[in-house]
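Colleague: Top to bottom, those sequences are chains H, D and R. Under the working numbering, the first residue of the first sequence is numbered 1, with each subsequent residue one higher. Under the working numbering, the first residue of the second sequence is numbered 1001, with each subsequent residue one higher. Under the working numbering, the first residue of the third sequence is numbered 2001, with each subsequent residue one higher.
The hints are simulated quantities; they were obtained by calculation from the structure and are not laboratory data. Be aware that a few hints might be false.
DSBU-like mimics (lysine-lysine), calculated; alpha carbons at most 35 Å apart, straight line [said to hold, decoys possible]:
no., chain 1, residue 1, chain 2, residue 2
1, H, Lys-145, R, Lys-2103
2, H, Lys-525, R, Lys-2145
3, R, Lys-2145, H, Lys-5
4, H, Lys-353, H, Lys-374
5, H, Lys-276, H, Lys-400
6, H, Lys-460, H, Lys-525
7, H, Lys-5, D, Lys-1042
8, R, Lys-2025, H, Lys-320
9, D, Lys-1042, H, Lys-276
10, H, Lys-27, R, Lys-2025
Note that the structure is predicted; figures quoted are calculated from it, not measured.
Listed here are the chains, written in short residue letters.
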Amino acid sequence: MQERKLAVVDLSRGKVTTRTIPKSWRKGFLGGRGINSYLLYNLIEKGTDPFSPRNALVLGVGLLGGTLAPSSCRFNASALSPETGLLGDSNCGGFFGPELRYAGFDHLILRGRAKRPSYVNIQDGEIEIRDGREYWGMDTYDVQKALRKDLGDVESLVCGVAGENKVRFACLRNGVKNAAGRCGLGAVMGSKNVKAVVASGTDGIKVEHPQEMLELVQDIKNYLMDSKITPILGSMGTPLLYEVSNAIGAIRTKNSQLNAWSDSLNAEELEKYVEKMISCSSCFMHCRHRNTFNGEGPEYTAVGLLGANLGLEDYPDVIKLNNTCNELGLDISSSGSILSWAFELYERGIIDKKLTGQELRFGDSELADELLHKIAGREGFGDVLAESSRAVKKFGPESKDYLIAVKGLPQSDPHDVRYIKAFALGIATASRGADHLRSRPTLEIFFRLPLEVKEKIYGKGITADPTSYEGKERAVCFSDNIFATIDSVGICKFICHGFNSPHFLGYEHFSKLLHAVTGMRYREKELENIGKRIIDTERMFNFKHGMTAKDDTLPKRYFDDPMTMKVSKGHKIDRKSFQKMKKRYYKLRNWDEKGRVKKQRVKEIESYGGLQ
Amino acid sequence: MEITLKFLKPLNDVVGQNELSVEVENGTVESLLADLLNDHPKLAEEILDEKGELDYRVNVILNDKPLNDLDVNLNDGDLLTLFIPISGG
Amino acid sequence: MKYLFYYPDKCTGCKQCAMACSLNKFGECNPKKSAISIVRDEFERYEYAIVCMQCEDAPCIEVCHQGAYYLEDNIIKRNDDQCIHCRLCAAVCPHSAITTIGKEIVKCDLCDGDPECVKYCSTEALVYQEETKEQSERRRQLAKKILSTS
């Protein structure tokens, strides 16, 4: 396999060191999220403040990144999260990841803090920390346009105004809407006085078996294009999920006070505002909307969380708020969840004008837009909201009962998980908090999926009924592992088994693609074991930073308030059944009673060695 | 009796309508779907598997109840929703 | 005669055509080292492919004082052995379709009549076919469009 590089950028000292990525790490963690998580575990000391120079921002491209492998555009950004104090890790598409590889680096570690606003320029194997004062204060669009004007055809990963102001849910942005959105990584970049990481390079990814790869990818392409699902994904994108969730009464509405909302946000309504469907690098699916409001999106999360959850019914309102978040550099999932939380608290009288300075209400898009700007600028009440779930300190203990978050991370999935119990276990145990992209066992939503098909995927013990708790630990465990592997090879989950159709790409395909590109043999079982190892490493990281089994839980509302509408009516999460399911999950993961990774496993993982 | 059929994307495109109202004497969800597919061969292509059975990826919801077994009697005023739940984030 | 046809409105900007070209010609994935180039800017809201149009009065053939360019089966080819890498061909190409990168000069040779790039396009933005067939299809689409909108 071609030797690939990792760089450590010490912003405080202005020093850059590079090294080759050891083959053993590739065997143990592949790349992308896997190596990132391992690096973080080694790098971040216990007790580190996420905004201190001792935090590290790690970027890592998947091992197949930037190749002909379908949708191989993904990279991960990782750090100790300012939103949760635990693992901050976010997977992102677009064109930055591949360009970082063409510029010569698979992984990049930013440590310390620059003395003045800077940007990191990476070009054809050379890394330079440059004066970035002229870019400071720009929104995510303007800074990228300015960097292209000044430097040519570059790809940039930037923080917006929100990141500069250390909003705890500021995202990193590449292009118009690609985001390493979750966990406040934009704020980590901002706290390091870095506005952007800029990449451009002319070096390709050497492929061990070019002909094998050409044939393999053509087969995969034909296979994917033959699927009934592919044309739907390519014409509607993720917003289609809105009506699916809504049909069963599982769309988070007005901070989960309701569980169904208007048909006016169905995907076909969105078509009126779509100029063209476009792709990320290497993608056959083209699920992204170039909208007629001079932006891109919305995705399903935006439709749900900036639409139904804020009590908005019209697409133009949702698209405008989506574009606002994109420009300011705010995570859409947290933005929609935190605003709706504040709106309900205001309605209930738990917070009032003394704190907010203005009336708050659902269904007012102008108010939402104004608040998003205030959050990004940390102005007035925006300064409180910018603290994300930590605003409980200002809102009072009662406010916590209405917060839809796990481990301090507001839930990303607009899907209300009280009906499908495996979804609930997924967001309760996901390594970065309430999130669907770490382990959502999507197949549970196919209500007619035959038990034998489920058993073949998840193993015996799984039950067919999506509302049953029995055996659901299997579905989550399977999903944890395969999602971690997917994030480490650098392919988009949208075309993968587990997250999407069981007929999409799985370990078998990854194994073949990895062989063609690297020449290395990864058996299917081995790839699953890498997924497991990554999950354990992330668990070790979280426990090192103070997490306990108690944090694997759900928002109070999911336990106490039954849903009131449609198919989901009457459903909630039973505490006892949940606890039992969680215990079974720990056992299946081979964690101890308290949810900790066992000592021998810790030793095994630590034996991969640190940076030195 | 009158039964309302509701189709979500992309099935509504195949049928050409979001909703259909059908008049039936009596029958089950299974028999209603068989009649419907006779009238809409394109829909059959979309929702039947290789064996000619309803593809497991199609969700069937009768009023507010998801169905596994389609041998369920219909009542006047029933709403039957058909959709393919596709994933994403 | 078959040609490459490109339809920008169908192109999603994924670069798989360029990825496949570089892989086929150089054994690496490098969209900048390809005979087909995707120019794109999400802020300016466009994506566009640039590739050799196999001009009939080809300036590259005319300008090459070393005779490295020649016509074979209606495809303009380049013989690297005769090339002195002066890059004049790239400078005069009216379509900017000749890529120069490092020590390489990359010019589309339609992969001897079986172009790799089109095989990886998922939207038929890039097709390789007989001009008459392409033209009749285009005209049929136009007729349909006019008749349905009038």
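Colleague: Next, verify each hint and record whether it holds.
Modeller: Now for the hints, and whether the structure bears them out:
A threshold of 35 Å between alpha carbons decides the hint, and for Lys-145 of chain H with Lys-2103 of chain R the separation of about 30 Å falls inside it, so the pair holds. Distance check on the hinted pair: Lys-525 of chain H and Lys-2145 of chain R sit about 53 Å apart at the alpha-carbon level, beyond 35 Å; violated. Between Lys-2145 of chain R and Lys-5 of chain H, the direct Cα distance comes to roughly 53 Å. Violation of the 35 Å bound is thereby established for this hinted pair. Taken as a hint, the Lys-353 of chain H and Lys-374 of chain H pair is honoured in the structure, with Cα atoms around 16 Å apart against an allowance of 35 Å.
The straight-line distance between the Cα atoms of Lys-276 of chain H and Lys-400 of chain H is roughly 42 Å, outside the 35 Å bound, and the hint therefore fails. The suggested pairing of Lys-460 of chain H with Lys-525 of chain H holds, with an alpha-carbon distance near 18 Å, which does not exceed 35 Å. Distance check on the hinted pair: Lys-5 of chain H and Lys-1042 of chain D sit about 53 Å apart at the alpha-carbon level, beyond 35 Å; violated. For the hint linking Lys-2025 of chain R to Lys-320 of chain H, the alpha-carbon distance of about 44 Å lies beyond 35 Å, and the restraint is violated.
Straight-line distance between C-alpha atoms of Lys-1042 of chain D and Lys-276 of chain H comes to about 27 Å, which keeps the hinted pair within the 35 Å bound. For the given pair, Lys-27 of chain H sits about 29 Å from Lys-2025 of chain R by alpha-carbon distance, which is consistent with the 35 Å threshold.
Comparing the model with each numbered hint stated earlier shows that hints 2, 3, 5, 7 and 8 do not hold.
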